[in-house]
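Engineer: So you can see what is in the structure, the chains are spelled out below.
There are 2 protein chains.
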Amino acid sequence: MTTYRAPLAPKADKDTTRRHNLSLVLRSVHDEGETTRAAVAARSGLTRPAVSSLTEQLIECGFLTESGKTFSGQAGRPGTVLKVARTGHAGLGVEINVDYVSVCVVDLAGTERVRRIEHHDNRRIPAAEVIARAARIAAQAMDSAAEQDLQPAGAHLALPGLISAGTVRQAPNLGWNRVAVEGMFAQALSRLHRPTAHTAAGPAHRPIPVTTGNEADVAALAELWFGALGKIRTFLYLTGDIGIGGALVVDGELLRGAHGFAGEIGHVVVSQDGPPCRCGARGCLEQYAGLAALLRAAGLDETAGQDGAAELQRRAEGRDAQALAALEEAGRSLGLVLSGAVNLLDPAAIVLGGAYRGLMPWLGPPIAALLERRAVSGLWPATGDRLRAASRAADAARGSAALVVRDILADPLGYAQRAKAQARARSAT
Amino acid sequence: MTTYRAPLAPKADKDTTRRHNLSLVLRSVHDEGETTRAAVAARSGLTRPAVSSLTEQLIECGFLTESGKTFSGQAGRPGTVLKVARTGHAGLGVEINVDYVSVCVVDLAGTERVRRIEHHDNRRIPAAEVIARAARIAAQAMDSAAEQDLQPAGAHLALPGLISAGTVRQAPNLGWNRVAVEGMFAQALSRLHRPTAHTAAGPAHRPIPVTTGNEADVAALAELWFGALGKIRTFLYLTGDIGIGGALVVDGELLRGAHGFAGEIGHVVVSQDGPPCRCGARGCLEQYAGLAALLRAAGLDETAGQDGAAELQRRAEGRDAQALAALEEAGRSLGLVLSGAVNLLDPAAIVLGGAYRGLMPWLGPPIAALLERRAVSGLWPATGDRLRAASRAADAARGSAALVVRDILADPLGYAQRAKAQARARSAT
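Keeping their order, the protein sequence lines are chains A and B. At position 46 of the first sequence (counting the first as 1) the number is 46 in my numbering, and the numbers step up by one without a gap. At position 351 of the second sequence (counting the first as 1) the number is 1351 in my numbering, and the numbers step up by one without a gap.
The set of hints was computed from the structure by calculation and includes no laboratory data. Warning: the hint list may mix true and false statements.
[As the list claims (entries may be wrong)] Covered stretches of chain A, as calculated for chain B (at least 3 residues, CB under 8 Å):
no.: 1; stretch: 86-92
no.: 2; stretch: 96-110
no.: 3; stretch: 277-285
no.: 4; stretch: 313-324
no.: 5; stretch: 346-356
[Unchecked claim] No more than 25 Å apart at the CA atoms, straight line, and that leaves these computed lysine to aspartate or glutamate pairs for DMTMM-like:
no.: 6; chain 1: B; residue 1: Lys-1014; chain 2: A; residue 2: Glu-66
no.: 7; chain 1: A; residue 1: Lys-231; chain 2: A; residue 2: Glu-372
no.: 8; chain 1: A; residue 1: Lys-83; chain 2: A; residue 2: Glu-129
no.: 9; chain 1: B; residue 1: Lys-1420; chain 2: B; residue 2: Glu-1253
no.: 10; chain 1: A; residue 1: Lys-14; chain 2: B; residue 2: Glu-1253
no.: 11; chain 1: B; residue 1: Lys-1014; chain 2: A; residue 2: Asp-149
no.: 12; chain 1: B; residue 1: Lys-1231; chain 2: A; residue 2: Glu-253
no.: 13; chain 1: B; residue 1: Lys-1231; chain 2: B; residue 2: Asp-1320
no.: 14; chain 1: B; residue 1: Lys-1083; chain 2: B; residue 2: Asp-1307
no.: 15; chain 1: A; residue 1: Lys-14; chain 2: A; residue 2: Glu-372
no.: 16; chain 1: B; residue 1: Lys-1083; chain 2: B; residue 2: Asp-1149
no.: 17; chain 1: A; residue 1: Lys-420; chain 2: A; residue 2: Glu-56
no.: 18; chain 1: B; residue 1: Lys-1231; chain 2: B; residue 2: Asp-1015
no.: 19; chain 1: B; residue 1: Lys-1231; chain 2: B; residue 2: Glu-1034
no.: 20; chain 1: A; residue 1: Lys-83; chain 2: A; residue 2: Asp-99
no.: 21; chain 1: A; residue 1: Lys-420; chain 2: A; residue 2: Glu-372
no.: 22; chain 1: A; residue 1: Lys-231; chain 2: A; residue 2: Asp-251
no.: 23; chain 1: A; residue 1: Lys-231; chain 2: B; residue 2: Asp-1411
no.: 24; chain 1: A; residue 1: Lys-83; chain 2: A; residue 2: Glu-60
no.: 25; chain 1: B; residue 1: Lys-1014; chain 2: A; residue 2: Asp-251
no.: 26; chain 1: A; residue 1: Lys-83; chain 2: A; residue 2: Asp-411
no.: 27; chain 1: A; residue 1: Lys-14; chain 2: B; residue 2: Asp-1149
no.: 28; chain 1: A; residue 1: Lys-14; chain 2: B; residue 2: Glu-1056
Backbone N, C-alpha and C fix where the C-beta goes; we use that ideal spot for every residue, glycine too.
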């Protein structure tokens, strides 16, 4: 039984129908990888002439390419193979995290084409400097992309914190409060990104639109799009870095909440009289299972970040008692909070990313034991591989870049029209 | 920034466009209460001739009525007033709870037209007997509806428990396990609901389709549709009865989870070494703030249900120390779990219904204090009336009945076609 969505959906008319169908054809080719007009028609339910007309427009606007021939044994013209364009339109993703900046360019197929990572302790540097550095890395990545004839249509910036309207409201582990990161990054990038000789005449000249969001959100989307979840489309995602990020994906869509801040699982209570947390409360999960807490409990430098996580993993592999005890305890706290989240949300899977990924051999068993004990029966069937480490191929920077591309796929005509209008406005000045 | 939904949406064509637009016009009239074709055209963006054609079909199928004239001062024909039909199509809602059965019939406008409530301790009676009694009450309600020329198009059955595919998998507070409630109820109802003289020729003859779901889910939808939430469309709903039911509404849609079981907030942990719970775990919220626990802590009969809640309220009003202490403690446990849920889900409001409604003067302050202390800043701004009691006009039976009606509004043509096909199949036999 379905319920209807208010406000009323806009009327369906010829224009919206064509826009919808352009997206339908483009996504159909995107999802298949390689296909023919006939297969798109069969899959989408559109007529062959409609698919041909839509395909022509998509090729003309640089979204699709055709190549080679598929010689069908049947009567009629052999179909040419359609693919999404591997040059031209692309997406740029930038992750600023506590101890690194990672930048990624993906093409329309979602394939990672450029990657730059730099490690710094971003807590010790003013926000403006971190942002300027991220913009420099992004500009270098755009130059590398241009050498492959890829022009990012936009950038998405991901950070660990509460973000709204392009501003980091708080990112306690970066020590940022009310930083207007989106504008600062866009400005720094547009100053830096001078066209290279290679792209002097290309669309890379124009300043690209920038959006901003939470890093766990896009890491979760990357897992959905590029991970190994198969048919699972409703899951809880945790990323263990200095803090703990969280995100919920429901039916393939991010659950953002009323203010866009959903997913702060790091601040769900483990023990109300526990140690004080940076958020102002006591006994939050982050104080038991955040990377800093884990490293401290294992007798390591709690500020060591990813290097610390690697060292913790080495010690656990070497069966160091203190490391094993720290992981066991953190796993129990994670299991306690996750069992509550399962009872509340009924996800089909729980995915642990970031520093947790490599630590799953030790965190996994206590989490699984708590889920078995505490999740309401039926909500967490004992069968199946539902508690899992994040995929190596899925991270926040790639998810960010892919988010830009998904936006194009959802409305290619709207995107092409906006790009044309921008070009016209530029040539008029 | 939007992300696209897979699987691909079906193609937009003339047929789906007309179905969509029929629903658009019907919902437009539904939402306005009284309106004219011109106003529907202005609101929906459809042309006047299109609205006229769509309106004719909706009148013909009994979804809309027109009455009177609106004499506009402008040129052209005066418009007649359109309303959704107040006779004919209707919805039947049935709530089976621990100590009562409530049945409601609503018309297409969502107005409650018939209500029957019977109080019994349903824990002491076999499930089959409870279901047969609910069907008897429903049949009586349908007879009363028929006297008002209302024929429910379907029934939705709501129960406190985990329900899937028409079966109560477990409802610990009713003591039900694996009860195929939907089939049992539908069969009992079709046996009972003989046409009255009044409806001998009407569509009330046919057995009506029955769906089944969780009572907190439909109570939350009733709050969304008939409560006082205003523009709030993302909220957490708790219903305190013998157990604790919960539901999440996100952007006006129920969050159901991977198996349809989301919302089991009663089994989120308060203290992992706490008292054993019926679910098999220890220290669940239900053991601290469920009605049975509350009554026990206040020195009352823990099985007294709604009568017990009324007595607890009287004692709190009389400033009985044990009652006040019990409510304070329960409020703190609710606040602890709700602050975690706020951090995870970022709702715009929390609504407490069922037995909690009358107890809000005492439960509210400790809950608010915990939210202030533990919700991540920004997630629960101190301003506004975001923690609130459920509306009196919104309950699970009315929500259930309205769910049937919303299904009609979402696709009136599809509904009319199915009804016609059923009638044809019947006359052929």
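Engineer: Please count how many residues of the stretch 96-110 of chain A have a CB within 8 Å of a CB from chain B and say whether that reaches 3.
Structural biologist: Since 0 is below three, the answer is violated.
Engineer: Taking only the CA atoms, is the gap from B/Lys-1231 to A/Glu-253 under or equal to 25 Å?
Structural biologist: Status holds; Cα separation ~22 Å.
Engineer: Quickly compare the C-alpha distance for A/Lys-14 and B/Glu-1056 to 25 Å and report which way the hint goes.
Structural biologist: With Cα atoms ~23 Å apart, A/Lys-14 and B/Glu-1056 stay inside 25 Å; holds.
Engineer: Can the restraint linking A/Lys-14 and A/Glu-372 be considered satisfied, given a maximum Cα separation of 25 Å?
Structural biologist: 53 Å, violated
Engineer: With the threshold set at 25 Å, check whether the alpha-carbon distance from A/Lys-83 to A/Glu-60 stays at or below it.
Structural biologist: 13 Å, holds
Engineer: Sort out whether B/Asp-1149 lies within 25 Å of A/Lys-14, counting only the CA atoms.
Structural biologist: 40 Å, violated
Engineer: Between the alpha carbons of B/Lys-1014 and A/Glu-66, is the straight-line distance 25 Å or under?
Structural biologist: With Cα atoms ~30 Å apart, B/Lys-1014 and A/Glu-66 exceed 25 Å; violated.
Engineer: Counting residues of the stretch 277-285 of chain A that have a beta-carbon nearer than 8 Å to any beta-carbon of chain B, does the count reach 3?
Structural biologist: Held - the stretch 277-285 of chain A has 3 residues with a Cβ nearer than 8 Å to chain B, which meets the minimum of three.
Engineer: Between the alpha carbons of B/Lys-1014 and A/Asp-149, is the straight-line distance 25 Å or under?
Structural biologist: 40 Å, violated
Engineer: Run the distance test for B/Lys-1231 versus B/Asp-1015: straight-line Cα separation, threshold 25 Å.
Structural biologist: 33 Å, violated
Engineer: Mind taking a look at whether chain B covers the stretch 86-92 of chain A? Criterion is 3 or more residues with CB to CB distance under 8 Å.
Structural biologist: violated (count 0)
Engineer: Is A/Lys-14 close enough to B/Glu-1253, meaning Cα to Cα at most 25 Å?
Structural biologist: 28 Å, violated
Violated hints, listed in ascending order, are 1, 2, 4, 6, 8, 9, 10, 11, 13, 14, 15, 18, 20, 21, 23, 25, 27; each of the other numbered hints is respected by the structure.
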